[in-house]
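*Asks:* Take a look at the letters that make up each chain.
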Amino acid sequence: MTFMVSGVVLAAALVFTIGSVARAFRYARFPIHLRWELYPVPHESARRVQHGGSYFEEVNWWTKPTRFNLLGEVRFMVPEMLFLKGLWEFNRAMWVRSFPFHFGLYLLIATIGLVGVTAVFDLIAPAVVAGALGVGLHWLYTLTGFSGVILAILGAVALLLRRLTAEDLKTYTTAGDIFNLCVFIVTLGILLGGFLLKSLDSPSTVALVQAIFTFDASVRIPGLLAGGLVLSGFLAAYIPFTHMSHFIGKYFTYHSVRWNDQPLRPGGRMEKKLAEYLTYRPTWAAKHVGADGTRTWAQVATTNPAERGKKK
Amino acid sequence: MTEKIAPDDMSREDKKRLAHVENKDLMPLPPPLDDPSRDRNWASLSAQVKEKYECDLDDTCAVNVPRPKSKEEERALVEKFLSGLDKLFTRENNWTFLQPLVLTMEHCAKCQTCSEACHIYEASGGNELYRPTYRSEIMRRLYFKYVRHGGLLSAWQHGDIHLNWPLVARLIELSYRCNLCRRCAQTCPIGADNGLVAHELRKLFSQEMGIAPKELHDRGSMLQLEVGSSTGMNPIVVKDNIAFIDDDTTERTGVKVETPWDVEGAEVLLIHNAGEIMAWPENPGAFALVLNAAGIPWTLSSDMAAYDAINYGLWYDDVQLARVAIKHAEAAKKLKVKKIVLGECGHAHKALSVIGDRILTGNLNIPRESGLTFLRDIVMSGRLKLDPSRNDFPVTLHDPCNVVRLMGVVKPQREIVRKICPQFREMEPHGVDNYCCGGGSGFAIMSGNNFQDWRFRVAGRKKLQQILTAFSDCLGPETPKYICAPCSNCKGQIRDMLAYYGLWDKHRILYGGLVELIVNAMVGVRPGYIQWEWH
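So the protein sequences, as listed, match chains A and B. If you number the first sequence the way our numbering does, the last residue is 334 and the count never jumps. If you number the second sequence the way our numbering does, the last residue is 538 and the count never jumps.
FYI, nobody ran anything at the bench for these hints, they're computed from the structure. Owing to the predicted nature of the structure, the values given are computational and were not obtained by experimental measurement. Please note that a few of the clues may not be correct.
Distance windows between CB atoms, simulated [said to hold, decoys possible]:
| no. | chain 1 | residue 1 | chain 2 | residue 2 | range |
| --- | --- | --- | --- | --- | --- |
| 1 | B | Pro391 | A | His277 | 38 to 46 Å |
| 2 | B | Pro483 | A | Gly315 | 58 to 66 Å |
| 3 | B | Asn167 | A | Phe201 | 23 to 31 Å |
| 4 | B | Glu54 | A | Arg114 | 44 to 52 Å |
| 5 | A | Gln284 | B | Gly213 | 45 to 53 Å |
| 6 | B | Gly268 | A | Gly290 | 35 to 43 Å |
| 7 | A | Ala297 | B | Asp37 | 52 to 60 Å |
| 8 | A | Glu111 | B | Lys74 | 25 to 33 Å |
| 9 | A | Phe90 | B | Ser49 | 51 to 59 Å |
| 10 | B | Pro71 | A | Val205 | 39 to 47 Å |
| 11 | A | Phe90 | B | Asp17 | 53 to 61 Å |
| 12 | B | Pro71 | A | Ala297 | 40 to 48 Å |
Examples of chain B residues lying across from chain A (beta carbon under 8 Å, computed) [what the hints assert, rightly or not]:
| no. | residue |
| --- | --- |
| 13 | Val105 |
| 14 | His161 |
| 15 | Gln210 |
| 16 | Pro370 |
| 17 | Glu372 |
| 18 | Val412 |
C-beta: ideal position from N, C-alpha, C; glycine also.
Make the full structure from the sequences, and use the hints.
*Replies:* Structure (structure tokens):
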């Protein structure tokens with residue numbers, strides 16, 4: 023049983039990582055697109071970011087030094103990532119359901135990190151874990167783990183109910199959306215049940231983690247908990263292949279699109295890339311485009327279809 | 004309101020409209036337009052139009068796509084659509100927007116946060132057809148089914164859709180029920196962009212199928228590339244008209260005004276939306292007066308397309324967009340100017356400064372500047388003597404989406420109006436949270452069939468509500484009021500709406516540009532540059 027759990031959990035972690043990286047890599051490799059930013063752009067100078075202004079507000083802006091306000095981005099991103107600030111502002115009814123779900127997942131991720139750290143310390147410096155620090159970590163990951171799983175389940179149930187009952191969501195909800203939320207509820211429910219119902223002589227959480235990572239078959243994982251862990255593994259492996267991977271997409275929608283206000287500078291890397299794109303040969307079929315698959319973008323864009331018509 | 008519709012309904016073959024809006028469904032307006040029973044009735048599409056064109060979406064028809072004559076023709080059109088859909092997702096054909104489009108296709112959580120942000124959805128009384136995600140959901144299902152070849156598992160995960168000609172025909176129309184203001188995208192927690200979806204659909208229809216509203220293509224970008232301006236003015240006519248404007252401005256202001264043409268080495272190449280020259284000559288006249296008074300070495304260009312800042316390709320066709328942007332830059336390069344300054348035209352701002360930025364490479368990369376920033380610099384520098392008491396009437400400011408939310412030029416125009424308009428009041432919300440005038444993305448120049456009814460009652464309704472609320476303390480005809488709209492398309496839409504609802508006749512609400520307010524406040528100029536008469 024332990025061997026199987028170890029195999030599934032580690033394979034799932036690998037699939038999740040590879041799937042996520044592959045998705046991110048795919049988005050990152052798309053060509054530089056035409057500018058499509060939306061203001062406010064938080065890395066603008068502090069005096070402009072308040073009202074959503076841009077460097078276009080300055081006369082002869084191209085002669086002024088470019089400043090990247092990293093603090094402005096951090097100020098925007100932290101509340102957005104941790105507390106879903108945008109949803110709080112624009113869709114409170116969804117926020118009260120979505121926030122517990124997402125924050126619960128964050129707490130679970132934190133729990134994995136804390137248990138992992140404790141497990142490593144336990145192996146390399148057992149005395150430290152046996153002391154006050156170990157007790158503190160134990161209570162901390164117990165707190166984050168239980169509160170995380172309860173919040174995530176409550177959030178997922180609330181989201182599911184809303185998807186099934188609210189008119190504006192029902193029309194657009196697919197079987198896959200229902201399935202995804204149900205998988206979260208069932209998986210986390212079994213995981214919670216597995217922890218709550220495990221007998222007192224069951225191995226500790228730290229021992230379980232150590233056993234999973236070392237394929238230690240001598241440690242017996244209680245059945246329900248093993249089921250929860252296996253399901254969690256499958257869920258983690260499934261996420262990168264669905265729109266639930268929006269934690270990856272969101273990085274690009276914000277940094278590469280909404281906030282991408284980088285102007286074209288002569289001779290820079292961007293100009294080289296654009297020069298390459300202008301050699302692409304489009305095949306758009308409308309007559310006025312005049313693209314036959316042999317002419318480049320540069321040739322198409324410098325052809326006047328009205329003049330071409332006149333010659334005929 | 005019609006029965007509840009779902010994405011699948013787009014494929015219905017019953018040749019009946021999917022949605023219908025009654026006056027009683029519409030978002031209520033404040034006084035004096037608060038009685039829906041006194042609202043004008045919608046004009047209906049004629050039987051002839053319905054017979055001849057694909058008008059099975061809602062109460063109006065913007066594109067006038069002829070109905071195919073046979074099933075074979077329908078199938079060929081659907082094939083063409085699929086071919087275009089595929090091209091939208093290839094780098095060779097759509098490097099220009101591939102990344103944002105794929106991100107939007109793959110990451111909508113369908114939380115409907117965007118719906119509340121959409122002025123069209125709100126004004127229609129929450130009609131499902133106008134929900135920003137309705138259009139996107141169809142596109143998304145098509146993407147997973149036909150571009151990603153998702154199969155059954157994908158249909159289960161993302162939803163299925165039946166592709167046929169009625170769906171394509173309705174989608175063509177539906178892509179022209181969005182102002183592309185991208186207010187919805189601003190509120191999306193994930194960053195998905197429904198405005199982009201409408202934009203990309205329009206591109207597919209234009210670049211692959213050759214389908215676009217006549218006002219944007221035949222009489223828009225094509226005419227501009229043929230004679231130099233979508234107004235039909237060639238260089239000789241435009242010079243004549245500007246000479247007339249110079250004379251008229253001189254007469255009205257008592258200040259000699261002369262517009263320089265084709266001055267090599269000038270500091271500034273000013274490009275107006277040529278619609279100003281035709282419809283609001285006081286705007287280019289005021290620009291000329293201000294620039295001369297400020298001692299700016301400037302010029303207009305009489306080169307092909309360079310005296311008309313419009314670039315309708317921005318709304319429907321990347322190729323046309325690039326062609327016009329290149330013409331503008333070539334004219335500036337030829338004159339060796341230091342910078343291009345864009346007049347009061349929102350979409351021209353965005354086309355040349357933002358979108359065009361990654362088209363104008365090498366020696367075409369001439370610096371571009373907003374006319375609002377440029378005017379702010381002149382006003383704040385003290386080069387003009389200004390008397391704010393000349394503008395002592397209620398003024399509110401409309402924020403053109405292309406200038407504000409999509410370009411970040413928010414403060415310059417405010418600094419000017421605060422300095423010279425003592426009774427300035429903001430609309431709420433404003434700045435980057437503004438609402439579109441309802442004429443965005445080309446609607447302001449589209450008036451075929453009964454499209455105006457939809458444009459004023461639905462697309463422009465939120466702006467109308469904002470305007471009336473901003474002037475709620477002075478609605479009486481004894482107080483003349485001024486909507487400052489520094490954008491030609493917005494001005495056109497606001498003009499048409501004010502006329503449609505009789506708001507000038509009964510309540511003395513006028514509209515105009517920003518530079519006119521500056522000239523109206525100039526001490527050395529004969530008082531009364533703003534003429535309180537309908538135009």
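*Asks:* Give a verdict on every hint.
*Replies:* Tested hints:
Here the CB-CB span from Pro391 of chain B to His277 of chain A is close to 43 Å, well matched to the stated 38 to 46 Å. The hinted window of 58 to 66 Å between Pro483 of chain B and Gly315 of chain A holds, with their beta carbons roughly 59 Å apart. Taking the beta carbon of each, Asn167 of chain B and Phe201 of chain A are about 28 Å apart, inside 23 to 31 Å as hinted. Separation of Glu54 of chain B from Arg114 of chain A is about 48 Å and conforms to the stated range, judged on CB atoms against 44 to 52 Å.
Look at Gln284 of chain A against Gly213 of chain B: about 34 Å separates their beta carbons, and that is not inside 45 to 53 Å. Between Gly268 of chain B and Gly290 of chain A the beta carbon distance is about 27 Å. The supplied range of 35 to 43 Å is therefore violated. Distance hint check: the CB atoms of Ala297 of chain A and Asp37 of chain B are about 58 Å apart, consistent with the given range 52 to 60 Å. Distance hint for Glu111 of chain A and Lys74 of chain B: a CB-CB separation of about 50 Å, inconsistent with the stated range 25 to 33 Å.
The hinted window of 51 to 59 Å between Phe90 of chain A and Ser49 of chain B holds, with their beta carbons roughly 57 Å apart. As the Cβ distance of Pro71 of chain B to Val205 of chain A is approximately 45 Å, the hint placing it in 39 to 47 Å holds. Judged by the Cβ atoms, the range 53 to 61 Å given for Phe90 of chain A and Asp17 of chain B holds: they are separated by roughly 56 Å. Restraint check, Pro71 of chain B to Ala297 of chain A: a C-beta distance of roughly 42 Å satisfies the suggested window 40 to 48 Å.
Using the Cβ-Cβ criterion of 8 Å, the hint placing Val105 of chain B at the interface with chain A is satisfied: the shortest such distance is roughly 7 Å. Annotation: interface hint on His161 of chain B holds; nearest CB of chain A at approximately 6 Å, less than 8 Å. The closest approach between the C-beta of Gln210 of chain B and any C-beta of chain A is roughly 4 Å, which is under the 8 Å cut-off, so the hint is satisfied. The beta carbon of Pro370 of chain B comes within 5 Å of a beta carbon in chain A, closer than 8 Å, and the hint placing it at the interface holds.
Annotation: Glu372 of chain B was flagged as interfacial toward chain A, and the flag holds, the nearest CB pair being 7 Å apart, inside 8 Å. Given hint, Val412 of chain B at the interface with chain A, holds; its Cβ is 5 Å from that chain's nearest Cβ, closer than 8 Å.
Hint compliance for this structure: hints 5, 6 and 8 are not met, and every other hint is.
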